[in-house]
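Asks: Residue numbers (the numbering used here), protein chains in the order written: chain F, 2 to 86; chain B, 13 to 153; chain D, 8 to 120.
Simulated from the structure, these hints should not be mistaken for laboratory data.
A hint or two may mislead.
Below, a list of computed lysine-lysine pairs in the DSS-like style, where the Cα atoms sit at most 27 Å apart [claimed, not checked]: (1) K3(F) with K34(D); (2) K3(F) with K110(D); (3) K78(B) with K104(D); (4) K4(F) with K116(D); (5) K84(F) with K85(B); (6) K78(B) with K84(F); (7) K119(D) with K3(F); (8) K84(F) with K108(D); (9) K28(D) with K4(F); (10) K108(D) with K33(D); (11) K108(D) with K148(B); (12) K148(B) with K104(D); (13) K110(D) with K84(F); (14) K108(D) with K28(D); (15) K119(D) with K108(D); (16) K34(D) with K119(D); (17) K33(D) with K116(D); (18) K34(D) with K104(D); (19) K104(D) with K76(B); (20) K110(D) with K28(D); (21) K110(D) with K148(B); (22) K116(D) with K3(F); (23) K33(D) with K119(D); (24) K108(D) with K34(D); (25) K104(D) with K84(F).
Label pairs and their calculated CB-CB ranges [claimed, not checked]: (26) A87(D) with F39(F): 20 to 28 Å; (27) E56(D) with R74(B): 45 to 53 Å; (28) L79(F) with R69(B): 15 to 23 Å; (29) P29(F) with K116(D): 48 to 56 Å; (30) S21(F) with T64(D): 31 to 39 Å; (31) K84(F) with P126(B): 33 to 41 Å.
Only a predicted model underlies this, so the values are computations on that prediction, with no experimental measurement involved.
All C-beta atoms in this analysis are idealised placements derived from N, C-alpha and C, irrespective of residue type, glycine included.
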Amino acid sequence: MKKYYYIIILIIMAILVISSINLEYGHPENLDFVNYYFEHGIQDTGAINLVASVYLDYRAYDTLMETIILFMAVIAVLFFLGKGE
Amino acid sequence: MKNSQIIRTIARKLFPFILLFGFYLTLHGHLSPGGGFQGGVVIGTGIILLGLAYGVRETEQRFKEKYLGILEKLAILSFIFLGLLGIFFGYSFLKNFLPLGQKGCLASAGFMIPLNLVISTKVAAGVTGIFYTLIKYRGEI
Amino acid sequence: MNPINISLIIFVIGLYGVIVKNNLIKKVIGLAIVNASVVLFFVAIGYREGGLAPILTEEVRASSSAILVNPLPQALMLTAIVVSISLTAVALAIVIKIYEKYKTLDVEKLSKE
Chain F
2 MKKYYYIIIL IIMAILVISS INLEYGHPEN LDFVNYYFEH GIQDTGAINL VASVYLDYRA
62 YDTLMETIIL FMAVIAVLFF LGKGE
Chain B
13 MKNSQIIRTI ARKLFPFILL FGFYLTLHGH LSPGGGFQGG VVIGTGIILL GLAYGVRETE
73 QRFKEKYLGI LEKLAILSFI FLGLLGIFFG YSFLKNFLPL GQKGCLASAG FMIPLNLVIS
133 TKVAAGVTGI FYTLIKYRGE I
Chain D
8 MNPINISLII FVIGLYGVIV KNNLIKKVIG LAIVNASVVL FFVAIGYREG GLAPILTEEV
68 RASSSAILVN PLPQALMLTA IVVSISLTAV ALAIVIKIYE KYKTLDVEKL SKE
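Work out the full structure: start from the sequences and follow the hints.
Replies: Here it is as structure tokens:
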């Protein structure tokens, strides 16, 4: 039974590696959306870190939901492992 | 189970520098790679290092779990409050309405410094709370 | 051998750990490896040839022909890392409760209960 699992995993690995040979590594095709962040990022937000300006100013709503995910994780762990002693 | 004297001494001497590095990563989040999440994880790791060297019972007497819970809930409520400040001043939710300042200075990008501080306290309290709950559990094992 | 090919190999290594191993904790470790490989794949997609980090220091602002790496996948992967942390924490809490009730962590013995 274990040999079938090994063969399936080898087939999946071969398919993935062969189909990713044609992906171009250093030359993405169109950068129309990203050129906006390069040109107007520093005068809209005032921060020189472009990654921080993306996740704290242009998409701050996703960061709010992000902290709620961590809050839910703490609640879930406290639910399973409540008062032990 | 007591640890050796070397581990206890080095953990106690290294803890202020780890806290300082965590605050540096948090406050310079808009000038160099870093930010709220990274600084919060570093601060939480410092407290976990003390917990591993001295035992969880002694570490919990200094960093109590009740205060960690209160800090965590206050951090989320102040994130939402900072978003509602934008509505009170006439703009949209979570808009950057403080003055922007000079490029490259520490006091620039008006809204990112309070957001970074709030996120780092939330992540540090969350990671430490998960660590306490996973170790203090004494069921029927 | 790009980082894209290496990230797919790491993905298959993690998938091997989830499928083949019999211990429950080894399965949870395999899940964390799969999450790490997805983060590497997304960050490797946004690379431009000869690019610098997306931070506009004074030298980058002065020179007019500096190529910067794409900053958008890096900002999305911060969320993915936090999801990976919370998933591992809750999975380990469930494994503790399973061991407390059944006194074993072997998947083949648990499937006969």
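Asks: Just to be sure I understand the hint, the distance between the Cβ atoms of A87(D) and F39(F) should be within 20 to 28 Å; is that true here?
Replies: At 23 Å between Cβs, range holds.
Asks: Given the hinted pair K33(D) and K116(D), is their Cα-Cα distance within 27 Å?
Replies: 16 Å, holds
Asks: Do the alpha carbons of K108(D) and K33(D) lie within 27 Å of each other, as the hint requires?
Replies: Within the cut-off at roughly 19 Å; holds.
Asks: Would you mind confirming whether the straight-line C-alpha gap from K119(D) to K108(D) stays at or under 27 Å?
Replies: Roughly 15 Å separates the two Cα atoms, so the pair holds.
Asks: Given the hint that K110(D) pairs with K28(D), does the C-alpha gap stay at or below 27 Å?
Replies: 19 Å, holds
Asks: Below or equal to 27 Å on CA atoms is what counts here, so check K119(D) against K3(F).
Replies: 18 Å, holds
Asks: State, for the Cβ atoms of L79(F) and R69(B), whether the hinted interval 15 to 23 Å holds or is violated.
Replies: 19 Å, holds
Asks: Is the hinted pair K110(D) and K148(B) satisfied, with a Cα-Cα distance of at most 27 Å?
Replies: 19 Å, holds
Asks: Please test the hint of 33 to 41 Å on the beta carbon pair from K84(F) and P126(B).
Replies: 36 Å, holds
Asks: Regarding the pair K78(B) and K84(F), is the alpha-carbon distance no greater than 27 Å?
Replies: 14 Å, holds
Asks: Run the distance test for K116(D) versus K3(F): straight-line Cα separation, threshold 27 Å.
Replies: Distance ~16 Å between K116(D) and K3(F) Cα, so the pair holds.
Asks: Assess, step by step, whether the Cα of K148(B) is no farther than 27 Å from the Cα of K104(D), and give holds or violated.
Replies: Holds: K148(B) and K104(D) sit about 14 Å apart, inside 27 Å.
Consistency with the previously given hints is maintained throughout, with no hint failing.
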